[in-house]
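Sequences and hints are given; from them, build the entire structure.
The primary structure of each chain is shown beneath.
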Amino acid sequence: MANITKLVGGIVFDPAHGVDGEQQDLYIQDGRIIAKPDTDKVTEIDCRGKIIMAGAIDMHTHIGGGKVNIARTMLPEDHAQDVIARTELLRSGCGHAAPSTLTAGYRYAEMGYTAGFEPAILPMNARQAHMEMGDTPIIDKGGYAMLGSDDFLLRMMISNADQEAINNYVAWTLTHTQAMGIKVVNPGGISAFKFNQRKLDLDEKNAYYGVTPRDILARLAQAVHELGVAHPLHVHGCNLGVPGNMDMTIDTMQGIEGLPMHMTHIQFHSYGAEGDRKFSSGAAEIAEAINNHDNITADVGQILFGQTVTASGDSMHQYEAHGHAHPNKWVCMDIECDAGCGVVPFKYKDQNFVNALQWMIGLEIFLLVDDPWRVFLTTDHPNGAPFTSYPHLIRLLMDKSFRNEVLSTLNPDAQAASNLGSIDREYTLYEIAIMTRAGAAKLVGLSDRGHLGTGAAADITVYTDNADREKMFSKPDYVFKDGNMVVENGDLIDVTWGATHVVKPDYDASIEKSLQPYFDKYMSMKLGNFKISDDEMTADGRGRLIIHPTSHQSGYQEKGGAA
Amino acid sequence: MSEPIRREDVASPFCGIASDDLTIEVSGLEVKVVSNGDAVTQRGFETPITDTQPRVNGKEVDLAIAVAKAADLLRASSQSVISGLATDVNGARAVMALADKSRAVIDHYASAATFRNLLVLQDTGWMTTTLGEVKNRVDLLVVVGSDIESRFPRFFERCMWNEESLFEQDIASREIVFLGKAPSGDASTSPAGKQAEVMACDSVDLPEVVSVLRALVAGRTLQASQVGGIDVAALSKLAARLKVAKYSVVTWAAGELDFKGAEATVQTVCEMIKDLNKDTRSSGLPLGGIGGETTANQVSAWQAGYPMRTSFGLGYPDYDPYLYDSERMLAAGEVETLLWVSSFDADVVPTEGARDTIVLGRSGMQFSSEPAVFIPIGTPGIDHAGQVFRTDGVVALPVQKLRDSGLPNVADVLAAIEEEL
Ligand SMILES: [Zn+2]
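Listed in order, the protein sequences are those of chains A and C. All letters in the first sequence, in the order written, are residues 1 to 563 by my numbering. All letters in the second sequence, in the order written, are residues 1001 to 1421 by my numbering.
Treat the hints as calculated values from the structure; they're not laboratory data. Watch out, some of these pointers could steer you wrong.
[Said to hold, decoys possible] Computed cross-link-like contacts, BS3-like style, restricted to lysine-lysine with a CA-CA straight-line distance of at most 27 angstroms:
1. C:Lys1243 with C:Lys1278
2. C:Lys1243 with A:Lys205
3. C:Lys1243 with A:Lys199
4. A:Lys475 with A:Lys50
5. A:Lys471 with A:Lys349
6. A:Lys526 with C:Lys1401
7. C:Lys1274 with A:Lys531
8. A:Lys347 with C:Lys1278
9. A:Lys347 with C:Lys1274
10. A:Lys531 with A:Lys521
[To be verified] Facing chain C, from chain A, some residues (calculated, C-beta under 7 angstroms):
11. Arg72
12. Tyr522
13. Ser554
Beta carbons are placed, not taken as given, at the ideal position from N, Cα and C, and that holds for glycine.
Have a look at this one:
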């Protein structure tokens, strides 16, 4: 019988089981949480008075793939200010806005995060995304495959393919890019940019295909839903960053007609066009729309002040934003009849009216959405700020006086344009645990993560309670990953390799009858070489796959890893 | 002898285009490209295995002894450089781990070319496209100062003169203009016999020619009537065509821009492309990726944050494209131990100048002076499976094991050396 570890006497926050700050013992064996065992031969770890939550899950963080690596390559001056020296245990690395993979894994673990999901895996670039995430230690990972501006789908749509055919294509993509969900970015807009369109409203037609973003959203949301994939269609909407885009964002939510849909970095899509500067907060209306639509979830994409880099698949709007590049260099790419990307370094300034109001809008959304199960804590790393700023963001949410203190230092006109100062709400530890653990796991579709019930993976974070929540969440006492203690007193003590979470919905293989000639004729690689096999994912001995069932499947499968 | 084994859809790691439609026949250790080959891929796949035994100071030894000797040399070295770096993703990962542990500098043998592009990316950025987009969208291709077909023999066949595009484009209407250098052959000629236009100039004049073209695109008028022997009126016409093209692509092979200050010319091209995008679409297509160049830079960027020419001497990555230029370091006598990794091309041999040289090289490598350690290693895509990046840095292709040569792979040998440190 393998060793049992007992976490003694911690104050547990486990929203998946309704546990709100109760003193409980936890038992860990073979990487899982077990019920109280019969034996008292256990290794005890004293957690009395400490706060215990499941490991945190970042459901939207750009940690792997081509555009992230462009950002890294572009920003030597940003890395040089933030280097990590090699130690006996750790590899060296660097990077503040776009950290190296090793550094990213270490820093996530040090903050008590045990999983992160790359939201923009371009199918044609999926191999790279997984290789990068494969070099990201400790945390589990996974990602969402990007569809919606790929020519194969758009051709299916103009040839009036039936929904089942589209479902097959979506399932095929999920399976062979090794993804956990589907994301759509500026639906059809990345394609439209290749045809020289510079904006695409929800009901505006792609110049070549004649399909609208609304059509694409409907088809993809339906496909994800019918396939039984837990993670709803992940939507980066139209008109990112455009003043006045809030109406279209609300229309997008209403237009999906009750299908599950996740609106990502919604802060960037919550702008009004009021006031002297034609830029205002739409947070109240957006939050109300979320509150009124049970089918909608959102992550915020909070901005925080300082230097970062924006890296997005939305080539159309990244091109539009290039004038704001700081430092003044930027990249835009059209990619493989599949998607695109844009990388624009950016410095959010607290005395800039727009930036200050963006900060306020994000916080307003957090505080005005009633249900913490439907709103998620992100900075859209690194687009709004690097993920290392999460403890600061948590403090802003949990501590009204701190929030108002910061608010009072910001651009005065922006302060005057925001209601943030009058919002009294402070997030509780229980709500933080929902947003960053239980809710995130549920949203991504991880049945055995994000909670502390019997049978759950022993991904656990233990904090010392501290009224300064930024301090508290920066430096956990202990972090366990699959039962191994990887962090002790804020320092990494072990480096493990997490798994990759995927779904593989059933599909009719006849979809390849049309994909095969499509690849042969139009693509620059062969269909067989596009596919990433399970063996390739696990070949190096440290990659491990966790295949989650869809609602039409049963079972839970693990492949690879150190046997 | 048994029948040769036939493999379809094989990807080539030997050129940056990474064509993956090759048919290969393998008989024992002999590999033959039987369809869709070209001079580059045939030489890459068909170079026979000669030596298989590691050597220390010219004497054949077991692998373990060669590994131990390599570790000794690295341990005793106060300045190590790991260069060549012609390997696959796993090989590059192992290089990074070893460089970190041995506090080495990393560089790639093609870095002189790479940095003509990278310095532009890091200074002002660019708008680029990928091979698949070119294949389906290009209406005007401008080739700047480069031959293309000698390095990428199938570029035109695969990306310009494909049978049809996704968007009902009349493929025959595509136009190609060579600016600066004339092509060495007729790969750019269309199947119907339409020849590319050539506006030739000496490479010393290319920077000025490109500057003038950019100025003309920006709508400026010029006093001069000729630049580098090219009529400004002709350049003016080219500028006008770029402006009316719906999806022009401007390409260059940085490896051929072999003149001082070439990065400034690349930058001018990239800024011109940005200007064009104010009204229409235009993209750059930097062609490169020889000998795992893209792979090495990608893996280095994700594991260390920086591309090539990064030192781990301080215990953390420190990037300096001038200081950590391995060729400069070798010429200046700064290198004690050079570890040279070259698994694709037996002709890519280490530069002289290090006190001790360790070579992980493709079988058959010939040296003008015997290195301290030579370990013949397998080639990714022939002797072992792996992944390699294509020139555009977007597509990473899986390459396969085609034969059982018993040659070790770079990743395993470097891991063994690291283990001994
Ligand atoms: Zn994002």
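| field | Violations among the numbered hints | value | Of the numbered hints, 7, 13 do not hold.
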